[in-house]
Amino acid sequence: MQPFFADLVARTDEARRDFETNPVVLDAVAHGMPLPRYRALLLELYHLVWHFNPICAAAASRIPDELRQVRYFLYEHMHEESGHEQWVSNDLEAVGVAHTKVLDHQPSVHTLALLGYNYWSADRCNPNSVLGMMYTLEVIASVYGGTFAEAIRQSLLLEGDRGVSFISSHATMDAEHMAELRQILNTISDEAAHEAIVNSTLVNFHYFTRMFESI
Amino acid sequence: MRDASDPRLAVLMSREYKYLRLQWSPTYSALRLRTFVKPIQCYSLAAMSELQSVFSYISENPGLVKHYVMSSDVQGVFNFGGDLSLFVLLIRARDLESLRMYGRRCIELVWWMENASKLGVHTTVLVQGDTLGGGLESVMPFHKVIFERSAQAGFPEVLFNLFPGMGAWNFTIRKAGFSIANEMILSGRLYTAEQLQRRQLVDVVVDDGEGEAAIEATIAAVNPRLRGTLAALEARRQAAPVTYEALMTIVDQWAHTAMQLTDRDLRLMERLSRAQARKAGGGSAGAVDEIKRIELDTAWGEERGTGITVWGGLGS
Numbered sequence: 001m002q003p004f005f006a007d008l009v010a011r012t013d014e015a016r017r018d019f020e021t022n023p024v025v026l027d028a029v030a031h032g033m034p035l036p037r038y039r040a041l042l043l044e045l046y047h048l049v050w051h052f053n054p055i056c057a058a059a060a061s062r063i064p065d066e067l068r069q070v071r072y073f074l075y076e077h078m079h080e081e082s083g084h085e086q087w088v089s090n091d092l093e094a095v096g097v098a099h100t101k102v103l104d105h106q107p108s109v110h111t112l113a114l115l116g117y118n119y120w121s122a123d124r125c126n127p128n129s130v131l132g133m134m135y136t137l138e139v140i141a142s143v144y145g146g147t148f149a150e151a152i153r154q155s156l157l158l159e160g161d162r163g164v165s166f167i168s169s170h171a172t173m174d175a176e177h178m179a180e181l182r183q184i185l186n187t188i189s190d191e192a193a194h195e196a197i198v199n200s201t202l203v204n205f206h207y208f209t210r211m212f213e214s215i
Numbered sequence: 216m217r218d219a220s221d222p223r224l225a226v227l228m229s230r231e232y233k234y235l236r237l238q239w240s241p242t243y244s245a246l247r248l249r250t251f252v253k254p255i256q257c258y259s260l261a262a263m264s265e266l267q268s269v270f271s272y273i274s275e276n277p278g279l280v281k282h283y284v285m286s287s288d289v290q291g292v293f294n295f296g297g298d299l300s301l302f303v304l305l306i307r308a309r310d311l312e313s314l315r316m317y318g319r320r321c322i323e324l325v326w327w328m329e330n331a332s333k334l335g336v337h338t339t340v341l342v343q344g345d346t347l348g349g350g351l352e353s354v355m356p357f358h359k360v361i362f363e364r365s366a367q368a369g370f371p372e373v374l375f376n377l378f379p380g381m382g383a384w385n386f387t388i389r390k391a392g393f394s395i396a397n398e399m400i401l402s403g404r405l406y407t408a409e410q411l412q413r414r415q416l417v418d419v420v421v422d423d424g425e426g427e428a429a430i431e432a433t434i435a436a437v438n439p440r441l442r443g444t445l446a447a448l449e450a451r452r453q454a455a456p457v458t459y460e461a462l463m464t465i466v467d468q469w470a471h472t473a474m475q476l477t478d479r480d481l482r483l484m485e486r487l488s489r490a491q492a493r494k495a496g497g498g499s500a501g502a503v504d505e506i507k508r509i510e511l512d513t514a515w516g517e518e519r520g521t522g523i524t525v526w527g528g529l530g531s
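So the protein lines, in turn, are chains A and B. Take 1 as the starting number for the first sequence in the working numbering and just add one per residue. Take 216 as the starting number for the second sequence in the working numbering and just add one per residue.
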């Protein structure tokens, strides 16, 4: 039997490929995007990042004792991600959006659907589904984040990491996270958990792609 | 002659495929398979699974298919080879096991092609458009390789410090010899159809639009002496054997090498991957154009003494 990570990659391969070949994503990765759209993207990301830890916490509280390694993994991950919404806010400030505006922003329906699904799934379905959310976000950040940050930097003439610190740093950091996530996923043998993680990955790719399209 | 009412054939033809289009020619018991991999015409895991299921079915039903013909249904692209963004993902996740699994799945397909003569199947491929890396590797085990004149092919893997690991060495050495294999794989150059024919890797070059007629002519010529041809091809295999073990050893080495790629190598791989996707999205410039650009960049790097890997230009 192949390790679960390999199974996850194979079963969600088409969703990943749909994201990467979406014309809006392709264009953004190749040419960056105009300032208003980049601002809109960061505003959506702020809410995704802000809710990341509460979703992980909701899941961690329901992870069964037999999967304590997953619970510890979530604790560590939450600790690492704490305060990263501030990085997004700093980037927004660097491109001319005040913090008060960030808090007032009403996320798009796609972001709300993504967040709502992840809370619901962690609370009402299978708490391991949170690993599908993490897998999706880390694939996007580690595989596409670096080139996207570079394209934004060039198209908006930004200097260094100013304005792109969140995306740029996560591109590097999430390469490490991806390796750790693979290890933890391969420790899970429960079939129901596998199904929940695969389904969650498909839903997360779907809504993340829709969110990206809509900005 | 086997008509479509044969229940074994009905099973094969009525299956649903997302990335393959199958057509049956009863006159020659010929199965035509056209690939149409969305969103990028490459060897994705899903596309390979579909191909494997067709091959397995042919193996399980000896005598059903006598000619297997493959081509692409994507304008301007035969196949871009490996799924580069999947490679980037797996390398970043340090997932050697999955990378090996991907490579081994490719070898299973190549190995089926290599054994086709033993299964009583003559194989023909028509290449119309770009074919790179694993795409070219997948062409090499076919008994008859037909290229339309505008098609281009090569092994660009050396560009990002990798090598083609799914049969390129074995089959290029067998068909063209060591020096050609060295030249093609270590330079990473792109070749025109005629250049490949001069190197014995392509059997027939026809003008654009003439590929279908060339397939017909090939099958019509081979069919009356099919048993003899297949026996001769089987003997040819024994004379210049390519072994499953050697293919598997090389693909394992390929996976280990891939795990050593640096960030710069991965960024180049991502650049090619994006170019593949741009072409899939209807853009005129694809991976082949990107390779040419990278060649130029590299040449400039050499000029400036930055020590980036040497790349040859498009030559004779």
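Keep in mind the hints are simulated off the structure, nothing from the lab. Among these hints, one or two may not hold up.
For lysine to any residue, the following SDA-like pairs were computed, each having C-alpha atoms within a straight-line distance of at most 25 angstroms [claimed, not checked]: (1) B:Lys-253 x A:Leu-156; (2) B:Lys-281 x B:Ser-229; (3) B:Lys-233 x A:Ala-30; (4) B:Lys-253 x A:Ala-30; (5) B:Lys-233 x A:Ala-15; (6) B:Lys-233 x A:Val-198; (7) B:Lys-253 x A:Val-24; (8) B:Lys-253 x A:Ala-98; (9) B:Lys-253 x A:Asn-199.
None of these values were measured; they are calculated from a predicted model.
Each hint tested on the structure:
1. B:Lys-253 x A:Leu-156: violated, 32 angstroms
2. B:Lys-281 x B:Ser-229: Satisfied, since the Cα-Cα distance of roughly 19 angstroms is no more than 25 angstroms.
3. B:Lys-233 x A:Ala-30: Since the Cα atoms of Lys-233 of chain B and Ala-30 of chain A sit roughly 28 angstroms apart, the hinted pair is violated (cutoff 25 angstroms).
4. B:Lys-253 x A:Ala-30: The given pair, whose Cα atoms are some 20 angstroms apart, holds under the 25 angstroms limit.
5. B:Lys-233 x A:Ala-15: Since the Cα atoms of Lys-233 of chain B and Ala-15 of chain A sit roughly 14 angstroms apart, the hinted pair holds (cutoff 25 angstroms).
6. B:Lys-233 x A:Val-198: Within the cut-off at roughly 20 angstroms; holds.
7. B:Lys-253 x A:Val-24: Since the Cα atoms of Lys-253 of chain B and Val-24 of chain A sit roughly 17 angstroms apart, the hinted pair holds (cutoff 25 angstroms).
8. B:Lys-253 x A:Ala-98: violated, 42 angstroms
9. B:Lys-253 x A:Asn-199: Judged against 25 angstroms, a Cα distance of about 21 angstroms means the pair holds.
The structure is inconsistent with the numbered hints 1, 3, 8, although it conforms to all the rest.
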